[in-house]
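Using the sequences provided together with the hints, build the complete structure.
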Amino acid sequence: MYELKYDEAVCEKCETVDCLVKCRYMTLDRESAKEERLRLIRGEDSRVLKDCITCYACEEYCPHGNHPFYLLVDRQEQSETWPVPVPLTKQQIKMMAPKGRISPENVQAPVLNMCYFPMLKGCIQGRLFEGVSTIVGSDIFCNIMWLHFAKNSAIRERLPQVVNNIWQYYLRDSGTQEVICYHDECYGTYTQLAPAFGIDVPFKPIHLFQFLTEKLAELKDQVRPLGMRVAYQRPCSNRLVPETQHWVDEIFERVGVQRVDREYDRENALCCGGILRLQQREELADDILKKNLDDMSAAGATVCVFNCPACFFTMGQAVAERGLMPILMSDLCRAALGEKWWGVF
Amino acid sequence: MNETYSELAGIVGERYVSNEPEEKFIYSRDQGTMEPCDPDFVVMPDSTEEVRQIVLLANRKGIPIVPMGGGLVLSGLSRPLKGGVVLDMKRMNRILQVNETSRYAIVEAGASQGMLQAYLKKHHPSLKHSVPDAPPIATVGGNVLIHGSGHLSHAAGFHSEMLNGMEAVLPTGEVVRLGSCATSPYWFSRAPLPDLAGLFLGWTGTTGVVTKLAIRLYPNRPFNDVGVFVVEDPEIVPDILHRVTGVGLAEDISAWMTPKPDWAEGFIHINVNYSADSKDELGWKKNLIRAPLRKYMDEKTGGFMMLPLPMKKPFLEAPASQLTRFADVRKGGGFEYVGAIMPIELFPEAHQMGLDIAERCGTTYSTGARIIGMGHCMMFFFAYPFNRADPSDVKRAGTALEQTNRGALDMGGIPWKAEAPAQKQILQRMDENTRELMSRVRRMLDPKGIMNPGNWEVD
Chain E
306 MYELKYDEAV CEKCETVDCL VKCRYMTLDR ESAKEERLRL IRGEDSRVLK
356 DCITCYACEE YCPHGNHPFY LLVDRQEQSE TWPVPVPLTK QQIKMMAPKG
406 RISPENVQAP VLNMCYFPML KGCIQGRLFE GVSTIVGSDI FCNIMWLHFA
456 KNSAIRERLP QVVNNIWQYY LRDSGTQEVI CYHDECYGTY TQLAPAFGID
506 VPFKPIHLFQ FLTEKLAELK DQVRPLGMRV AYQRPCSNRL VPETQHWVDE
556 IFERVGVQRV DREYDRENAL CCGGILRLQQ REELADDILK KNLDDMSAAG
606 ATVCVFNCPA CFFTMGQAVA ERGLMPILMS DLCRAALGEK WWGVF
Chain L
1091 MNETYSELAG IVGERYVSNE PEEKFIYSRD QGTMEPCDPD FVVMPDSTEE
1141 VRQIVLLANR KGIPIVPMGG GLVLSGLSRP LKGGVVLDMK RMNRILQVNE
1191 TSRYAIVEAG ASQGMLQAYL KKHHPSLKHS VPDAPPIATV GGNVLIHGSG
1241 HLSHAAGFHS EMLNGMEAVL PTGEVVRLGS CATSPYWFSR APLPDLAGLF
1291 LGWTGTTGVV TKLAIRLYPN RPFNDVGVFV VEDPEIVPDI LHRVTGVGLA
1341 EDISAWMTPK PDWAEGFIHI NVNYSADSKD ELGWKKNLIR APLRKYMDEK
1391 TGGFMMLPLP MKKPFLEAPA SQLTRFADVR KGGGFEYVGA IMPIELFPEA
1441 HQMGLDIAER CGTTYSTGAR IIGMGHCMMF FFAYPFNRAD PSDVKRAGTA
1491 LEQTNRGALD MGGIPWKAEA PAQKQILQRM DENTRELMSR VRRMLDPKGI
1541 MNPGNWEVD
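Chains E and L, in that order, give the protein sequences. Heads up: take any position in the first sequence, counting from 1, add 305, and you land on the numbering used here. Heads up: take any position in the second sequence, counting from 1, add 1090, and you land on the numbering used here.
Treat the hints loosely; a few may be bogus.
Quick list of in silico lysine to any residue cross-link-like pairs, SDA-like style, CA-CA up to 20 Å [claimed, not checked]: (1) L:Lys1385 - E:Gly370; (2) L:Lys1375 - E:Glu644; (3) E:Lys310 - E:Gly370.
With beta-carbon atoms standing in for the labels, derived distance ranges [unchecked claim]: (4) L:Thr1391 - E:Asp350: 51 to 59 Å; (5) L:Pro1438 - E:Glu308: 36 to 44 Å; (6) L:Gly1336 - E:Gly405: 41 to 49 Å; (7) E:Glu588 - L:Pro1349: 32 to 40 Å; (8) E:Leu589 - L:Arg1267: 53 to 61 Å; (9) E:Glu410 - L:Pro1349: 49 to 57 Å; (10) E:Glu462 - L:Glu1112: 55 to 63 Å; (11) L:Leu1406 - E:Glu555: 37 to 45 Å; (12) E:Asn469 - L:Pro1126: 54 to 62 Å.
Note that these hints are calculated values from the structure, not bench results. Just so you know, even glycine gets a beta-carbon here, dropped at the ideal spot from N, CA and C.
Structure (structure tokens):
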């Protein structure tokens, strides 16, 4: 049930082994990468199982779209190589469980999926979001985060119901088949992960960036260029959907900010460190955070833009202490419209 | 009775004495399960001299006196078991002195935790005292005298160990000073004199009325953080506590176990609070505290929660407001609480006992432990909220309380701030000569037996 669409033959024939060679957290030359790749294919023990920080980047690096990361997570779970201490994993599984409190609701297009971030509903206001219906809660939580916990079983168990909930309780009678995903994780889940696991998605996911780009185009006469130098913190889940990256540049152009040239951006982006802290790799997380902030500062950024709420909550305080303003992408757009934006720091 | 009323009014003023039914009702009980006992009078003195005169009056007439601080002890220790006068100390709430250099404060016995906390924040922001997880109206003095503990107890022990000295009115009316203040104008410590403060610590008001105390203060550092270590297996908790206390950097270490919220059920959470003068120092301390727990992180049997700032805030509060909310989870204003002082190796046994008793008695529970000193012992708490308006709920909580006291004693612990029935259980198991010594001390100090009778009675 929900077999991963992964082709061993494609992997075995791959000469570049970019999934492992390009990893910035493990050092593997091509020969040893090939060896470890075979171990993973055969379901044998591999250092990769233990050393992987679960940053998703190998999904982007794979030139064949063969889902090496999903395989790795399956192998971690099969071999019980838990990246996160077991009590924390079990606790998170309970914390994020569907509460069964969902009920049919009349929504109308555009429908915005806030995943399990009710605390961010304050962001959804102003001219950008006029007429938008929001949906949020544990029963529509996309569950992709279990990739960080070697718990593909939780994804297989919960995701089909989540997809069904979104469709049955909200979209089916709404007259729209589109749902805007506030979070990269949701968009990645419904466009990439679900198909990879053979889970049907009856609605059309729209990335928040696309929605924002189109709204800013509509409201272009009201936009006041912000004239700031910004660093962008690319989230791990965007590795699943790198094709959405061009919208970041478009949005920045439309709101009149300059994306600083820096080392740890785009394909070279660094993890926010949240998952590393859960994996108890605190010193590595601190080290990566410092590199990232040093890089932002050296490039002259005065603002750090997030799209992932988890990155925002993980890094926000440190960013602010460094003298940069942490801000969510949607709030940045609202600021360009001259609106006061929501924020926690 | 009218004559006594008049004499009391003559001492404290008409406004501060009452024998009206509404006052008698309120002062007859606390939030716990113990049966109410009506006082004959409630009196609120304003000075040591007034306390002295009340004690002399009570002595002359053989009227019981029950000193009371915030009245939040939950085990009914300020109920007047044999009637008499409840001496409510809340008017004596002055903060008399703060010695910033030697870090201590002299307060009257009715000064509340909230008042001292606010006073220090305003006038001496570089200092703090150890705050118990009690409502802010709980008194500093009351908590010291019951061997309370709080947010600096890992660093500095029981609150009674943070006591530098005191002023007390003996049951026969003499005013004494104990500690350095007996000989010096400074209240800097109980050493090096013969330590007589113990005559009033843990005696629950049966040996006299404490009117002033000096307590130690500690640096209030600007950078604060908390790590919450989570495990499933209670058997590994003593070793974890031993390791993390051995580092000696935490201010407070406490464990908590609760079935609500759902995600907390089945796990043991160990909060480790620490502070620093700089961000760098905070980081070093974090790494040093984590280091001895690496074994469990590598084995994947335990780990620190990832706490973004909004989730962290409640764990940095002193007192913890979440506990207050839990206390009324059943509504109806009932909350029973057994703290038992025991060595940390008894953690698994105590944890299991709490679960068993809650299940057997059909009560909601919350258990946990605050580590005292560098892991020398812990105050393991078993909390059972109940609805006072539901007699069956009260009975369930009362049964749970009784079973918990017995279980704690059976495993080698000692119930803390024990209510009268639990005091009897403790005395039954106490060394015979110690028991006799307690009796002799009490007879010597209080020949007429007027001080909080019905508590710690050996005979």
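- Task: Mind checking the hinted window 54 to 62 Å against the Cβ distance between Asn469 (chain E) and Pro1126 (chain L)?
- Result: 57 Å, holds
- Item | Outcome of range test on Cβ distance (Leu1406 (chain L), Glu555 (chain E); 37 to 45 Å) | 41 Å, holds
- Query: Regarding Glu410 (chain E) and Pro1349 (chain L), is the given constraint of 49 to 57 Å on their beta-carbon distance met?
  - Reply: For Pro1349 (chain L) against Glu410 (chain E), whose Cβ atoms are near 31 Å apart, the range 49 to 57 Å is violated.
- Task: Take the C-beta atom of Thr1391 (chain L) and the C-beta atom of Asp350 (chain E), compute their distance, and say whether it sits inside 51 to 59 Å.
- Result: 20 Å, violated
- Message: Quick check on a hinted range of 36 to 44 Å for Pro1438 (chain L) and Glu308 (chain E), using CB atoms only.
- Response: Once the Cβ atoms are compared, 43 Å apart, the range 36 to 44 Å for Glu308 (chain E) and Pro1438 (chain L) holds.
- Query: So the hint says 55 to 63 Å: do the beta-carbon atoms of Glu462 (chain E) and Glu1112 (chain L) match that?
  - Reply: 59 Å, holds
- Message: Just to be sure I understand the hint, the distance between the Cβ atoms of Gly1336 (chain L) and Gly405 (chain E) should be within 41 to 49 Å; is that true here?
- Response: Holds: the Cβ-Cβ distance is about 45 Å, inside 41 to 49 Å.
- Would you mind confirming whether the straight-line C-alpha gap from Lys1385 (chain L) to Gly370 (chain E) stays at or under 20 Å? Violated: Lys1385 (chain L) and Gly370 (chain E) sit about 38 Å apart, past 20 Å.
- Message: Next pair to validate is Lys310 (chain E) with Gly370 (chain E); report whether the Cα-Cα distance is within 20 Å.
- Response: At roughly 10 Å apart (the allowed maximum being 20 Å), Gly370 (chain E) and Lys310 (chain E) satisfy the hint.
- Query: Has the hinted range 32 to 40 Å been met by the Cβ atoms of Glu588 (chain E) and Pro1349 (chain L)?
  - Reply: 35 Å, holds
- Task: Using the Cβ atoms, figure out if Leu589 (chain E) sits within 53 to 61 Å of Arg1267 (chain L).
- Result: Distance hint for Leu589 (chain E), Arg1267 (chain L) holds at roughly 57 Å.
- Straight-line Cα separation of Lys1375 (chain L) and Glu644 (chain E) no greater than 20 Å? Roughly 42 Å separates the two Cα atoms, so the pair is violated.
Comparing the model with each earlier hint shows violations of hints 1, 2, 4, 9; every other hint is respected.
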